Structures are given as C-alpha cells and as structure tokens.
Amino acid sequence: MKMLKKLASYIKDYKKDTILTPIFVILEVIMEVIIPLLMARIIDVGIQNGDVHYILEMGALLIVSAILSLTFGMLSGRFAAKASSGYAKNLRKAMFHKVQDYSFENIDKFSTSSLVTRMTTDVTNVQMAFQMIIRILVRGPIMMIFALIMVMTISFKLSVIFLVAIPVLGAILFFIAIKAHPNFERVFKKYDKLNRVVQENVSAIRVVKAYVRESFEEKKFKEVNDEVYTNFKKAEKIVAFNGPVMQFTIYACILLISWIGTQLIVGGEMQTGQLSSIITYAWQILASLMMLSMVFVMIIMAQSSAERIIEVIDEEPTIKDKENPVKEVKNGSITFENVSFQYSDEKSEDKYALKNINLEIKEGETIGIIGGTGSSKSTLVQLIPRLYDVTKGSIKVGGIDVRDYEIHALRDAVAMVLQKNVLFSGTIAENLRWGKKNADQEELEDACKLAQADGFIKEFPSKYETVLDQGGTNVSGGQKQRICIARAILKKPKILILDDSTSAVDTKTDSLIRKAFREEIPNTTKIIIAQRVSSVEDADKIIVLNDGKIDGIGTSEELLKTNEIYREVYETQMKGGDEDAEN
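Residue 582 in the numbering used here sits at position 582 of the sequence shown, with consecutive numbering throughout.
Because the hints were derived from the structure by calculation, they are not lab data.
It is possible that some hints are incorrect.
[To be verified] Calculated lysine-lysine pairs in the BS3-like style (CA-CA distance at most 27 angstroms, straight line): (1) K420 with K98; (2) K93 with K190; (3) K351 with K362; (4) K2 with K320; (5) K396 with K355; (6) K179 with K189; (7) K541 with K392; (8) K193 with K93; (9) K362 with K549; (10) K109 with K16; (11) K233 with K220; (12) K5 with K15; (13) K15 with K109; (14) K396 with K463; (15) K491 with K320; (16) K463 with K508; (17) K322 with K420.
Remember, predicted model here, so these are calculated numbers, not experimental data.
Construct the entire structure; sequences and hints are all you get.
So this is what it looks like as structure tokens:
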C-alpha cells in the first residue's frame, strides 16, 4: 500500500486527465450496454409486429448510441495516453533528480546499467500498466457489472452461468499472478546485466576491435541474452495459461447460453431478440474478463518494475548536508586527522582502503602523490570533496570539517580532473563551460593556455566551436586530458586535484602545465597524483602511499634519502629515461 501511495504521488499535474479517463470509459460502457437492448427491442417489437416507425426510431437511437460510444472511447483513449505519458515523465524526472543527489557509494550499489534499465524499461512497464489501470481496469468491471445486471433482468437462470464462471476465472488469474511475479523479478535483474554488457561493448568498441575480441564479446552477449530469454520463457509459460483458460470459459458459456436459451424460447419464457442480446452481453462480460486478465499480466510485470523504481526514489543519499551548513570555503588548506576509510559495510581492519592518514597541506602548496597500483591514491583525494565520506577520523578544508560544509559549496571550491577523463557531446566551448557556465571567450582561452590546450584547439577549423563526439572520441587522449584540465581551471577553485590526469601528455607539455600552475595560480592548492616521478618531482611535498598507508612525506631530495619505495621508482624511471636518451 505504501508503494502504491508513493507511485500515485507522481501523477501530480496529470490528475485531471487521470480522472477524466475513467469517466469517459464509464460513459462509453453505458452506450455499449444500451446497444444490445435496443437491438433486442427492434427484433422483438419492431420486426415481430412489423412496426417500421418503431424500427426507425430504435435504429436512430442505436446509431446515436454507437456514435457516442465511439466518441467517448476516443476521448478516454486520448486522456489515458496523456496521463500515462505524463506519469512516466514524472517518474523518470524523479529518478533522474534523485540520482543527481547520490554519492559514489549509492551509485556503486545500483550500478550504472541498472539505473539505465530502471529509467527506461521499468518506467515503460509501469506506464503501460498505469494506462491499462485507468482505462481497461475501469472498463472491465463496469462492463461486467452492467452487462450482468442486464442479463439478470432478462433471465436470472442464464445469469447463474456467469455468477459461477467469474469467481473461477478470478481464482485462476490470482494463481497465475502469484506464480509469475518471482519470474519477472529475475527477468529484470538479467536485463540489468544485459544492459551492462551492451554498454561496456559499445563504449569500448575501439578496444574490442583493436584486440580482435569481437567473437568473445558476441559469446558474452549470447550468454546473457540467453539468460534473459530463459527467464522470460519461464514467466511467459505461466502467463500463457491465461489465454486457453479464458477462451475455454468463453466458448463454454456461449454454448450453455445457446442451449438453455433455445429451451427457454421454445417454452415461451424468452424471445429471440432477448437471447440475441444475452449472447451479446455474454461476449461483453467475457471480453471484459479477457481484458482484465491482460491487465493482470501487465500488472504482474509492472509490479517488479515499480518495486525497482521505488528503490531508486527511496534510496537515501549516504552523503547529505547537515542543518545550517557552512556555505563558503575560506581557503584551500587541507588537514587529514586519523582518517581511515573502507568501501564495504563490514567493520573489519583488513577491509580498510586507507588507514590512519594524518596529513597537513597548506593553502597554495603543490602536493604530489605517488604509489603503486591499489595503494588508494584516488580514494584519498575523493574524500576531500566528499565523493565518499570518511569511515573514521576527519578531513578539514579551510579549518572546517568537510561534513559541516554545504555539499554544493564544498564541491564548487574543489575541482577534480578524474582518472577517467569524460567529455560530453557538444562543442569544446560547451564542455569548457562546465567549469563556468557564463565564461566569455577570453576566459576560455586563458584557461586553455594554462592547460596547454589553446594551441591545438586553434588548429581545428572551427577552433573552440569544434564539435566533440560523445566521450570526446575525435580528439587524442592527451588533448582530452588538457581540455579536462582547462575545464577544471575555469572554475577558479581553491583546491585543484589532478588524478593521473597528465599521463597521456608528453613530459615537456606536462612540465609546461606545472610551470603555469606555479606562476598563474599560486594561491590554489594543487594535488597531483602521478605514476611518473617527473610529474611530481618539483612539488612542495610528495606523499608516498603504500597499501593505504603513508609510507613517506617530503621533497624529492628528502625521499631519495629516506624512502625506499620512492627511491626505487625514481631510479627505475630515471634509468629508463637515460637509456632512451642514449638510444
């Protein structure tokens, strides 16, 4: 019931259409129920007595009833379409807006592919069910009741047939619903997996082709596609019983009505026109049952989808603002105090990605972070703008715990260039303005000069109006990185974080970017995660991470003397560089 109330709340500004639909459905049903009655009158009174005037009079009423029935049907269909489409729009909007408030932890819980399935396939299922509920689920019972009343007024004996058939069919439908629902739940989970496989393949199609892995991907798709097919087949097998059962019941009822009805006519208890109208009412009653069975099948499917939609809407962001949060970040100083972090909910020491981090970063300092794969370098910096929250300890920015800031204000003061550079379809200028939406051309060019991007952008025929494909696939990796860095600089942040964001640029360009940072944005705190020692060698401090712990802090010269990990990395890379120079 709680779920239904929650779903109903998203009808919102489409309440009028939702209410008008069943009203016109009821009017349509009334007209349809009148038609067999008029036909019976024409046969039993007009034709029987040879009264042409009466036939014409009833015929005119019959035509008017048919036209009204058609008109009401068209209006109910129009309002139903508008209401269901609007309802689906509201659901998608609510889900999309909720996802925008999610933390990385929330997104990890659902997965991207699952969220896409819920906003598309699941919403479509609920939309179709909603349209059927406000139209067919109203029409079916109303038609059944009105037609049954008409049959009872003509012959109570024949109405007993329906009074027996309807409960039997209802019980069968209930049984089908109970058996089919768990199967449809499994189907939609497999849909998530199918979407994930397709999404990965399409987004990484260049890698697939480069490694000639088409056959592997086809096999992977076939396996998950077969899983969807198998689960759908199981569900549909159960639902398939509905059709034969309904048809058997309809034809059995018609045969019984015809057999008993003819005996009543012979006995003088019924007229021919009345039997004709009862047969028509029988078709209306049984057709209503058939429609109701279709609605129940759709509701069974939609129930699983509705549960998945509500899961997204009801999910509480793990990161949210406190009451009366601080709305301004004064400076870019950062302090880590006994910070530990783990991704899982299990409170176990061996599950921590970061352990007892204590760190002091002054405003305007350039900090380098280096360490092996899996040393939690990215995790460390993602805690600063609260993409994740610390498990233990605290992080302070500008002397204030990050959890006391308004999330928007904190993230607006921190610019991150993530490890995976993301560009959106649109022009280079439009992508840059993600950093500052009303930036003028001069500001765009200044930011790109700092990021060493202005030169190659101006070589394009359309320069800053060059259209990028989705994901920026029509620019090189190094160019993409520099555009992303320029976008971050455009924010004029107090803290700038580069998460291995110059890995695809040459060492000379990397050096020019760092030089520009030192000279042009000296008051911005800069944190640079890198695999290359040369990218952090001139930093004010270098942090060496190992297995989620700080293994060493100092300048390059200090670490060469005191830290084995840094010295090993330095000597390996510098030796490789010297050999390349000799060659």
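Now for the hints, and whether the structure bears them out:
Restraint check for K420 and K98: satisfied, since their Cα atoms lie roughly 24 angstroms apart, inside the 27 angstroms limit. In summary, the hint linking K93 to K190 is supported, as the alpha carbons are separated by about 24 angstroms, within the 27 angstroms threshold. At roughly 30 angstroms between alpha-carbon atoms, K351 and K362 are farther apart than 27 angstroms, so this suggested pair is violated. Distance restraint check for K2 and K320: the Cα-Cα separation of roughly 25 angstroms lies within the 27 angstroms cut-off, and the hinted pair is therefore satisfied.
Among the hinted pairs, K396 with K355 is consistent with the structure: their alpha-carbon atoms are about 17 angstroms apart, no more than 27 angstroms. Note on K179 and K189: the hinted pairing holds, with a Cα-Cα distance of about 17 angstroms set against a maximum of 27 angstroms. The straight-line distance between the Cα atoms of K541 and K392 is roughly 25 angstroms, inside the 27 angstroms bound, and the hint therefore holds. For the suggested pair K193 and K93, the alpha carbons sit about 23 angstroms apart, so the restraint of at most 27 angstroms is met.
A distance of roughly 21 angstroms separates the Cα atoms of K362 and K549; the hinted pair therefore holds under the 27 angstroms criterion. The hinted pair formed by K109 and K16 fails the criterion: a straight-line CA distance of about 37 angstroms is larger than 27 angstroms. Between K233 and K220, the direct Cα distance comes to roughly 20 angstroms. Compliance with the 27 angstroms bound is thereby established for this hinted pair. Of the supplied pair hints, the one linking K5 and K15 holds, its CA atoms being roughly 14 angstroms apart against a limit of 27 angstroms.
Under the criterion of a C-alpha separation no larger than 27 angstroms, the hint pairing K15 with K109 is inconsistent with the structure, at around 34 angstroms. Between the alpha carbons of K396 and K463 the distance comes to roughly 41 angstroms, so the proposed pair goes past 27 angstroms and is violated. The straight-line distance between the Cα atoms of K491 and K320 is roughly 23 angstroms, inside the 27 angstroms bound, and the hint therefore holds. As the CA atoms of K463 and K508 are separated by approximately 23 angstroms, the hinted pair is consistent with the 27 angstroms bound.
Annotation: proposed proximity of K322 to K420 is violated, straight-line Cα distance about 30 angstroms (limit 27 angstroms).
Checked against the numbered hints given earlier, the structure breaks hints 3, 10, 13, 14, 17 and satisfies all the rest.
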